[in-house]
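Asker: So you can see what is in the structure, the chains are spelled out below.
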Amino acid sequence: MTTEPILSRNFDRPAARTLAGYRETGGYGAWARAQEMEPAAILEAVKASNLRGLGGAGFPTGMKWSFIPKGHAGPVYLVVNADEGEPGTFKDRYLLERDPHALIEGMLIAARAIRSALGFVYIRGEYVQPWRVFDAAVREAYDAGLLGRGLDVIVHRGAGAYICGEETGLISSLEGKKGWPKVKPPFPAIKGAFGQPTIVNNVETLCCVPHIVARGAAWFAGLGTKTQGGTRMYSVSGRVRRPGVYETSVSITLRQLIELAGGVAGTGRLKAVVPGGGSAPILTADEIDVTMDVDGLKAAGSMIGSAGVVVMDESVSIPEALLVLARFYAHESCGQCTPCRESTGWIYRMVHRIVDGHGRKEDLDTILDVARRGAGTTICAFYDGAVGPYISYIEKFRAEFEALIPK
Amino acid sequence: MSAAVAFSPEQLAEVRRLQALYPDRRGALLPVLHMAQDTFGWISLDVEAYVAGLFDLSPAHVHEVVTFYTLYFRQPKGRHVVAVCHNLSCHLAGAPDILRHVRERLGIDVGETSDDGRVTLQSVECLCACEAAPMMQVDDRYELHLTPETVDRILEELR
Ligand SMILES: Cc1cc2nc3c(=O)[nH]c(=O)nc-3n(C[C@H](O)[C@H](O)[C@H](O)COP(=O)(O)O)c2cc1C
Ligand code: SF4
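In the order they appear, the protein sequences are chains A and B. Under the numbering used here, the letters of the first sequence match residues 4 to 410, in that order. Under the numbering used here, the letters of the second sequence match residues 9 to 167, in that order.
Same shape as in the complex, but just chain A:
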């Protein structure tokens, strides 16, 4: 399946990083059109496009925007989540580095729709080069009068913490605090950054918006499935022949996507795939005929998450893969909720001893039991994102774990 490149159309055109180069292929044309539209009309178009958030949760973007309280007198903020940190995901880095003005144009249009005059772009601290490129584009946009006349943009660098990708953790961090997620409700659209209504959107989500305005909601909706419009940038890595970012329709199947990336490398025989970033439940080789949209993967018992696809061939040790992820969750838990703080540490240590050959017979059931008990009880979805791998890796590849446990 090949699709016309939309979000990635400028990736091979280094000139597009400059304002002049971006304008050459129609850049900021959608913004010109949006300025002729009522904010409500932009919002309706985004709703009708079936755009769903591409940061992880897949929430319908137009609906989220409509939650801003009507007639709110104070400021409304637009926050761009560029804290990309989900294991196996790298598409926002490409967008920031290769098409920075597309994000600025998306912000301008979104800010008009939600009546925001101040936007923040929260870029993970490790992304120094993407930050430099994006920051330069922002300065260019100011000089050209695109920014600073109705919308100001603050580019904010994070300081190293995966949990700041979670939108309320991000807001805490933006406020100058440690990145502790907040109890919801209230959702950010009601009470977000600095106590004001705030829309948090992923980089890629906002990069879709100019295309929706320029080419119409019906066109965008028609690119995808019935419940999700558009294309998506899949980050494909692990044991594939041609790892990279692939933009294609959200109706592609996982099998087709792996073929698009050159097929399985290593032994050439597929064992398992992580379809949506480290926190997505794993799929076996028999489970890859699923469409890569939000609802397709939900129906398959996994999730599309950040669309980070990690391919594992037959030579990969699943217990070792789980150990790597368990270490990650133990390290990144913010420590606020007891089930998350305690379980991520204990489960890491138990998987560690299993992989080291010192596991006990009851360990696997203990992990499953602990994981199931904590799920759904915490302040944010981080812990659920850890539970997905714990349970699915062990349930689907139990024999491989058992083989490591002394009889």
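Treat the hints with care, as some may be off.
Each computed DMTMM-like pair below joins lysine to aspartate or glutamate, with the alpha-carbon atoms no more than 25 Å apart [as the list claims (entries may be wrong)]:
hint : chain 1 : residue 1 : chain 2 : residue 2
1    : A       : K180      : B       : E120
2    : A       : K194      : B       : D32
3    : A       : K180      : A       : E345
4    : A       : K301      : A       : E262
5    : B       : K85       : B       : D124
6    : A       : K180      : B       : D124
7    : A       : K187      : B       : D32
8    : A       : K187      : B       : E72
9    : A       : K50       : B       : E112
No wet-lab data here; the hints were simulated from the structure.
Assemble chain B with the ligands onto chain A, guided by the hints.
Answerer: The following block gives chain B with the ligands in isolation, referenced to the frame of chain A:
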């Protein structure tokens, strides 16, 4: 800490500019801590107290923030920081071997700084360059598609 901790007048003006940007000036705390680290090399308790003073915050609050994030150093670091990614895609591409190679070449373990103060070594979570695994960050740069040979060359160039 020996020398007194203080920003230059230009830096103080920059602190005030950053504080004025945010709806609440506390929003500028992370950027100012980045500035402080660039200036003083690392975030000592004295630096925390100094920054706290610039924000009318308690040093305890600043300490809580500094200790939450991985990019703030609470000990002197080497002139260069080498951070090898050890998450899933890099792991599948041989990150454990790369990390072992780096440790042997530098003669230090993860979390340590070489005796000559040249390099601090870290092993870190996903840096989101999985298409080019195994990879590591060296100061501001991403070094991609690592092999033992390219690692040697990269390390030799660090002065
Ligand atoms: C633990 C955790 C980490 C997350 N990390 C990111 C991230 O790095 N980038 C991102 O855009 N969304 C991330 N999200 C999702 C955000 O909370 C939020 O749903 C998203 O930014 C909303 O934007 P969207 O609707 O445009 O997708 C994360 C969520 C959780 C629970
Ligand atoms: S679930 Fe984990 S990461 Fe999320 S708020 Fe609770 S302790 Fe923090």
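Asker: Would you check the hint for A:K180 and B:D124, treating anything up to 25 Å between C-alpha atoms as holding?
Answerer: 35 Å, violated
Asker: Is it true that the CA of A:K301 sits at most 25 Å from the CA of A:E262?
Answerer: 22 Å, holds
Asker: Please verify whether B:K85 and B:D124 have alpha carbons no more than 25 Å apart.
Answerer: 11 Å, holds
Asker: With the threshold set at 25 Å, check whether the alpha-carbon distance from A:K180 to A:E345 stays at or below it.
Answerer: Answer holds: A:K180 to A:E345 is near 23 Å, not above 25 Å.
Asker: Does B:E72 sit within 25 Å of A:K187, going by the straight-line distance between their CA atoms?
Answerer: 23 Å, holds
Asker: Starting from A:K50, check that the Cα of B:E112 is at most 25 Å away, please.
Answerer: 56 Å, violated
Asker: A:K187 and B:D32 were given as a pair; does the straight-line alpha-carbon distance stay at or below 25 Å?
Answerer: Given pair A:K187, B:D32 holds - Cα atoms ~22 Å apart, limit 25 Å.
Asker: Straight-line Cα separation of A:K194 and B:D32 no greater than 25 Å?
Answerer: This hinted pair holds, its Cα atoms lying about 15 Å apart.
Asker: Is the straight-line distance between the alpha-carbon of A:K180 and that of B:E120 25 Å or less?
Answerer: 28 Å, violated
Checked against the numbered hints listed earlier, the structure breaks hints 1, 6, 9; every other hint is satisfied.
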